[in-house]
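Undergrad: Below, each chain spelled out in residue letters.
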Amino acid sequence: NAGVMQNPRHLVRRRGQEARLRCSPMKGHSHVYWYRQLPEEGLKFMVYLQKENIIDESGMPKERFSAEFPKEGPSILRIQQVVRGDSAAYFCASSSGQGRNQPQHFGDGTRLSIL
Amino acid sequence: AQSVAQPEDQVNVAEGNPLTVKCTYSVSGNPYLFWYVQYPNRGLQFLLKYITGDNLVKGSYGFEAEFNKSQTSFHLKKPSALVSDSALYFCAVGHSGGYQKVTFGTGTKLQVIP
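Chains as they are written, first to last, in the working numbering: chain A, 3 to 117; chain B, 192 to 305.
Quick caveat, the hints were computed from the structure, so don't treat them as lab data. Any given hint might turn out to be false.
Derived pair list, reagent style SDA-like, types lysine to any residue, alpha-carbon separation capped at 20 Å [unchecked claim]:
1. B/Lys292 / A/Phe47
2. A/Lys46 / B/Pro198
3. A/Lys53 / B/Lys249
4. B/Lys240 / A/His33
5. B/Lys292 / A/His31
6. B/Lys249 / A/Gln104
Between the sequences and the hints, there should be enough to build the whole structure, so can you do that?
TA: So this is what it looks like as structure tokens:
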């Protein structure tokens, strides 16, 4: 299966710990997007990356959150010093182009729970 | 700025009946429109897109959508609903002018009643 792979599927952290969420895009895709979804809510855009570059991080909280997409390896969404409000499902998507007319392909998400 | 509205939080339809899930959009320039479906504990799956051309777009699982420029709408339709169509449906919009992230609607929960 060459789909978007996210791991872990479930992640439990205590307040103040760090959470690292990983996303491997579909083969041949160089554009990655991260979204956050709260129960009964829609998708909230967080960040759009191309290889080694952040293109748009307008949806990313200014503190504690960071994202990268290195030349080699998966994209990482990092949340430092997690708080209860960070509990959500985080989805990664990838596309082959700039996303304007290419559909995004989604992973099955990482469900982050903060104790 | 671009935006998309899904005015119904939930749509209920009887199995075998036609279904419509509504979506309206606002964008400068030519719109790119998408529909996605999300099943429980899964990511979004692409159903169909409108870029240009015929206003009626056919997609996966028998779904289709009609682009209406004058009403700025892109409603999702299916002639005969299945119980297995019950899921969360998202409309999304992008546009042709430069980089612009795709904006997703808040989603509509479709419940098909046996």
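Undergrad: Each hint needs a verdict: does it hold in this structure or not?
TA: Verification of the hints:
| no. | hint | verdict |
| --- | --- | --- |
| 1 | B/Lys292 / A/Phe47 | holds, 8 Å |
| 2 | A/Lys46 / B/Pro198 | holds, 18 Å |
| 3 | A/Lys53 / B/Lys249 | violated, 33 Å |
| 4 | B/Lys240 / A/His33 | holds, 19 Å |
| 5 | B/Lys292 / A/His31 | holds, 16 Å |
| 6 | B/Lys249 / A/Gln104 | holds, 16 Å |
When held up to the earlier numbered hints, the structure conflicts with hint 3 and nothing else.
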